[in-house]
Amino acid sequence: METPTRTIEQRQNVVILFAGDSGDGIQLTGSQFTDTNALFGNDVSTFPNFPAEIRAPQGTLAGVSGYQLHFGSVEVFTAGDQADVLVVMNAAALKANLGKLKKSGIIIANSDGFDARNLRLCGYPEGADPLNDGSLAHYTVHAMDVTKMTRAALEDTSLGMKEKDRCKNMFVLGFVNWMYSRDLANSERFLQQKFAKKPEVLEANRKVLLAGYNYGETSETFTTRFEVKPAPMPKGRYRAISGNQGIALGLVAAAEKAGLDLFYGSYPITPASDILHELAKHKQFGVRTFQAEDEIAAICSAIGASYGGALGVTASSGPGIALKTEALGLAMMLEIPLVVVNVQRGGPSTGLPTKTEQADLWQAIHGRNGEAPIPVIAASTPVDCFEMAFEAAKLAIEHMTPVILLSDGYIANGSEPWRFPQASDLSSIHPPFAPKHADGEIFLPYQRDDRGVRPWAMPGVPGLQHRIGGLEKEDGTGNVSYDPVNHEKMVRLRSDKVARIADTFRPMRLASGPAEGDLLIVGWGSTYGAIHTAAMALQQEGYAVSHVHLRHMFPFNRGLGPLMKKYRHILVPELNSGQLRQLLRAEYLVDAKGCNKVQGMPFMAEEVRAAALQLLNA
Amino acid sequence: MSTTNGTMAEAKPSYASDQEVRWCPGCGDYSILKQVETVLKEQGRPKEEIVFISGIGCSSRFPYYLDTYGMHSIHGRAPAIVSGLRSVRPDLSVWMITGDGDALSIGGNHIIHLLRRNVDVNILLFNNEIYGLTKGQYSPTSPEGAVTRSTPMGSTDHPFNPLALCKGADGTFIARSMDRDPKHMREILVRADAHRGASLIEIYQNCNVFNDGAFEVFTDKKSKAAHTLFVEHGKPLIFDEGRKGIRLDGMTPMVVSLEDGSVSADDLWVHDERDQFKASLLVRLFDDPAKEGALPRPFGVIYVADRPTHEEKMNAQVDAAKKAKGVWSLDAILQGGRTWEIS
Numbered sequence: 001m002e003t004p005t006r007t008i009e010q011r012q013n014v015v016i017l018f019a020g021d022s023g024d025g026i027q028l029t030g031s032q033f034t035d036t037n038a039l040f041g042n043d044v045s046t047f048p049n050f051p052a053e054i055r056a057p058q059g060t061l062a063g064v065s066g067y068q069l070h071f072g073s074v075e076v077f078t079a080g081d082q083a084d085v086l087v088v089m090n091a092a093a094l095k096a097n098l099g100k101l102k103k104s105g106i107i108i109a110n111s112d113g114f115d116a117r118n119l120r121l122c123g124y125p126e127g128a129d130p131l132n133d134g135s136l137a138h139y140t141v142h143a144m145d146v147t148k149m150t151r152a153a154l155e156d157t158s159l160g161m162k163e164k165d166r167c168k169n170m171f172v173l174g175f176v177n178w179m180y181s182r183d184l185a186n187s188e189r190f191l192q193q194k195f196a197k198k199p200e201v202l203e204a205n206r207k208v209l210l211a212g213y214n215y216g217e218t219s220e221t222f223t224t225r226f227e228v229k230p231a232p233m234p235k236g237r238y239r240a241i242s243g244n245q246g247i248a249l250g251l252v253a254a255a256e257k258a259g260l261d262l263f264y265g266s267y268p269i270t271p272a273s274d275i276l277h278e279l280a281k282h283k284q285f286g287v288r289t290f291q292a293e294d295e296i297a298a299i300c301s302a303i304g305a306s307y308g309g310a311l312g313v314t315a316s317s318g319p320g321i322a323l324k325t326e327a328l329g330l331a332m333m334l335e336i337p338l339v340v341v342n343v344q345r346g347g348p349s350t351g352l353p354t355k356t357e358q359a360d361l362w363q364a365i366h367g368r369n370g371e372a373p374i375p376v377i378a379a380s381t382p383v384d385c386f387e388m389a390f391e392a393a394k395l396a397i398e399h400m401t402p403v404i405l406l407s408d409g410y411i412a413n414g415s416e417p418w419r420f421p422q423a424s425d426l427s428s429i430h431p432p433f434a435p436k437h438a439d440g441e442i443f444l445p446y447q448r449d450d451r452g453v454r455p456w457a458m459p460g461v462p463g464l465q466h467r468i469g470g471l472e473k474e475d476g477t478g479n480v481s482y483d484p485v486n487h488e489k490m491v492r493l494r495s496d497k498v499a500r501i502a503d504t505f506r507p508m509r510l511a512s513g514p515a516e517g518d519l520l521i522v523g524w525g526s527t528y529g530a531i532h533t534a535a536m537a538l539q540q541e542g543y544a545v546s547h548v549h550l551r552h553m554f555p556f557n558r559g560l561g562p563l564m565k566k567y568r569h570i571l572v573p574e575l576n577s578g579q580l581r582q583l584l585r586a587e588y589l590v591d592a593k594g595c596n597k598v599q600g601m602p603f604m605a606e607e608v609r610a611a612a613l614q615l616l617n618a
Numbered sequence: 001m002s003t004t005n006g007t008m009a010e011a012k013p014s015y016a017s018d019q020e021v022r023w024c025p026g027c028g029d030y031s032i033l034k035q036v037e038t039v040l041k042e043q044g045r046p047k048e049e050i051v052f053i054s055g056i057g058c059s060s061r062f063p064y065y066l067d068t069y070g071m072h073s074i075h076g077r078a079p080a081i082v083s084g085l086r087s088v089r090p091d092l093s094v095w096m097i098t099g100d101g102d103a104l105s106i107g108g109n110h111i112i113h114l115l116r117r118n119v120d121v122n123i124l125l126f127n128n129e130i131y132g133l134t135k136g137q138y139s140p141t142s143p144e145g146a147v148t149r150s151t152p153m154g155s156t157d158h159p160f161n162p163l164a165l166c167k168g169a170d171g172t173f174i175a176r177s178m179d180r181d182p183k184h185m186r187e188i189l190v191r192a193d194a195h196r197g198a199s200l201i202e203i204y205q206n207c208n209v210f211n212d213g214a215f216e217v218f219t220d221k222k223s224k225a226a227h228t229l230f231v232e233h234g235k236p237l238i239f240d241e242g243r244k245g246i247r248l249d250g251m252t253p254m255v256v257s258l259e260d261g262s263v264s265a266d267d268l269w270v271h272d273e274r275d276q277f278k279a280s281l282l283v284r285l286f287d288d289p290a291k292e293g294a295l296p297r298p299f300g301v302i303y304v305a306d307r308p309t310h311e312e313k314m315n316a317q318v319d320a321a322k323k324a325k326g327v328w329s330l331d332a333i334l335q336g337g338r339t340w341e342i343s
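Heads up: the protein sequence lines correspond to chains A and B, in order. Mapping of the first sequence onto the working numbering: position 116 corresponds to residue 116, and the numbering continues sequentially without gaps. Mapping of the second sequence onto the working numbering: position 119 corresponds to residue 119, and the numbering continues sequentially without gaps.
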């Protein structure tokens, strides 16, 4: 067979969105293609987006699962505003995602998923035929019967029809690999590992993968292939990491650096459960994972473990954090180390379990009875999840306090290449263990050092027996005290201790832009990529715009107030109705403006850019 | 003899803390504190190896009064705190102090899971059938019809049978004692402490302020013999000073007279604390003592089972993983599975 003549077009970066039924293997296809590109040397950023139902009714809009990949020969910071290519396994996937495709973008469609039944299920009017009726004229449409070609490739195998059809996603993966000039070695290696014990299934998947690739190669319909050259990434050894993995590894690393065992108490909840899954794999490090009976038991077990001298950690999402509130107050009152991770999702109440949002900031900072200050920090990217989990543990241990780490569904599930550190690069962590006491010497469990931190005395150490609890305690001795003046003193001491954590923060650094100017964009958490992309674009357009991204939400970095004074306008983009903005206004009396989105979806860089332009041109 | 014993006891260090005990005068809690202190002293385990964890309520002030490690935590959550502590510290002696409201109402979910997991802890459940610290509302063990501040027309709630709940949750050590029988309580405390796993002792404790006399029928000299059944492993179920016994008629316990000679001790139900089916019947001896023909209330160790503790199994997995995965390093885990070089 003669191979048709082809041109290969270079692309700086590509956004490809895979979509199909939640049983179509979309997440696998997407993550495999991501892996291949990362390995090739591209920078990548991903956004898996799936329904809350495990297997929503087939063919319906509710059941559409998506995986968006942005890869480039340049650094990429988000999963991309709009897709260049939309791969759809059925009509519902097209209908749900067409709005995310660039005008003149490419659609690769499994035509078998566009029969009358599929069209009806997702609400196309009677007689509609989007692949052929000209309604997609603005796009380049490649329709192919993936189902038929998959079955044909597996004609000789003894697999049942259902098992054959399960290989469909490999056809798509093979084709996409061809389209972007990638070889199949990485995907084949993956299949070999996954199906090592099922040789027949392995062979079937390989055949279909190859069939998809060859289809691109031989079919004369495709006149253009694309190529995305490696990105100029910093030299070094890389691996892929998702935010939840990053948190798990950051905690393991911190416990190791502190010389403590890690105890993780948690109750399954989307989107935090993967932290539990990851940690449960690392028992060889002395990690103890405890799937508690509920969210309250999860945090209380972690408090018990910390009391026993381990690093106690719990994680959840908004509704679970709400249940942990009382115990958070206890941990704060006891003044023992505890890390509480909130992988935020759309709220309120049960809200949007699989979608992302940043609306639990106030909950983290204020959500307790009484005056109960707890440090709150936030991670901005999957890689940053590692660093911030490490930081949360370090602060908790060294300052004897619970620490809340905010992540969210977008970075929890998204992944990116990580130039992982060596263990020796990580900073050391020093638990403030109480020194041994001489016989007869009175031990004061709440006697503070010059940072306001009390000593960590754990059961088993002779001479340090003491009683702690949630009742107000006398300064020094920790004995129960109802003395009015002592209470006020204790409230201040606890508050000062947390405020002084800011002494340890590194100086405020801009993410980009001039040291003074017309506009400072203040961001936090997972919006980093979108804001960074927008800020760079504005700077290139000649605007005096800077971007600062907060890691410490409470207490704030001391440099933040002076920094904000150096700009005419302050813009605070958030995936909520303005929670950080209000905190900044209250704390610094600045006229901060908001750019707010509460749709369960991350920002598009363009949305941030538009909000900035509106302020700049006002 | 008594002088000698007294002197020896004096020589041992006190386990009491320097804090003033603040329960109401006459409260049954004093007796329990005294018996626990006595048992700790007799056993002589170093104070620093002992931890008392409590929830909220009158009884939960307990840890403050002992010179051991202690945590007065939040309402109902002591079992969860114990579970975490135990997971990382299997070396300690851990005691949990709780009440009927703390353990069975707000903490009901936690205690059943603590029991099924068999976390190694001695649970002292002070049951006074009332909320004392909030001044007299009915509790989940108050009898139906109980008139309290929150139930002026009588409680409409059916109460828990704590030991039946414990049996239902597969507790591995189930016992009952009372504040007014110090010797019995000490015996049971020693047994509970020796048991590996979750040992639950329900202790009938009189709240002389809000529910005085709730257990008088079991504790008062005049009525105690007829209404209590002190069980001992391997011995027939005899009560009322040898006048009565309990015979099993199929699955039905029957009170029989031992006085007329028609029934002998050999015909009676012999207590086997390892028999889980009989234990299920025994915990159901829960009649209202005022009822005509009521079965007596059992006290003592009702059931014991050997089952590995939660922390043993958890730590065995940690050890197995360490063995299977060989020498590990933080660098290896940071690197993970697949990596690639960019040069």
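I should point out that these hints are in silico values taken from the structure, not numbers from a laboratory. Take the hints with a grain of salt, since some may be wrong.
[What the hints assert, rightly or not] Partial pick of chain A residues on the chain B-facing surface, computed with a CB cut under 10 Å: (1) Lys229; (2) Pro417; (3) Leu426; (4) Pro555; (5) Gly559.
[As the list claims (entries may be wrong)] No more than 27 Å apart at the CA atoms, straight line, and that leaves these computed lysine-lysine pairs for DSSO-like: (6) Lys281(A) / Lys322(B); (7) Lys41(B) / Lys197(A); (8) Lys325(B) / Lys281(A); (9) Lys95(A) / Lys41(B); (10) Lys41(B) / Lys257(A); (11) Lys322(B) / Lys194(A); (12) Lys41(B) / Lys436(A); (13) Lys325(B) / Lys197(A); (14) Lys41(B) / Lys281(A); (15) Lys194(A) / Lys41(B); (16) Lys257(A) / Lys291(B); (17) Lys198(A) / Lys325(B); (18) Lys283(A) / Lys41(B).
The beta carbon of each residue, even a glycine, is placed where N, CA and C say it ideally should be.
Hint by hint, here is what the structure shows:
1. Lys229: violated, 13 Å
2. Pro417: Hint holds; proline 417(A) Cβ to chain B Cβ min 8 Å, cut 10 Å.
3. Leu426: With a minimum Cβ separation of about 8 Å from chain B (threshold 10 Å), the hint on leucine 426(A) holds.
4. Pro555: Because about 26 Å separates proline 555(A) from the closest Cβ in chain B, which is outside the 10 Å limit, the hint is violated.
5. Gly559: violated, 30 Å
6. Lys281(A) / Lys322(B): holds, 11 Å
7. Lys41(B) / Lys197(A): With Cα atoms ~61 Å apart, lysine 41(B) and lysine 197(A) exceed 27 Å; violated.
8. Lys325(B) / Lys281(A): Status holds; Cα separation ~11 Å.
9. Lys95(A) / Lys41(B): violated, 75 Å
10. Lys41(B) / Lys257(A): violated, 40 Å
11. Lys322(B) / Lys194(A): holds, 25 Å
12. Lys41(B) / Lys436(A): It holds: about 24 Å lies between the C-alpha atoms, which stays within 27 Å.
13. Lys325(B) / Lys197(A): Satisfied, since the Cα-Cα distance of roughly 21 Å is no more than 27 Å.
14. Lys41(B) / Lys281(A): violated, 43 Å
15. Lys194(A) / Lys41(B): violated, 60 Å
16. Lys257(A) / Lys291(B): violated, 65 Å
17. Lys198(A) / Lys325(B): holds, 25 Å
18. Lys283(A) / Lys41(B): Judged against 27 Å, a Cα distance of about 38 Å means the pair is violated.
Comparing the model with each numbered hint stated earlier shows that hints 1, 4, 5, 7, 9, 10, 14, 15, 16 and 18 do not hold.
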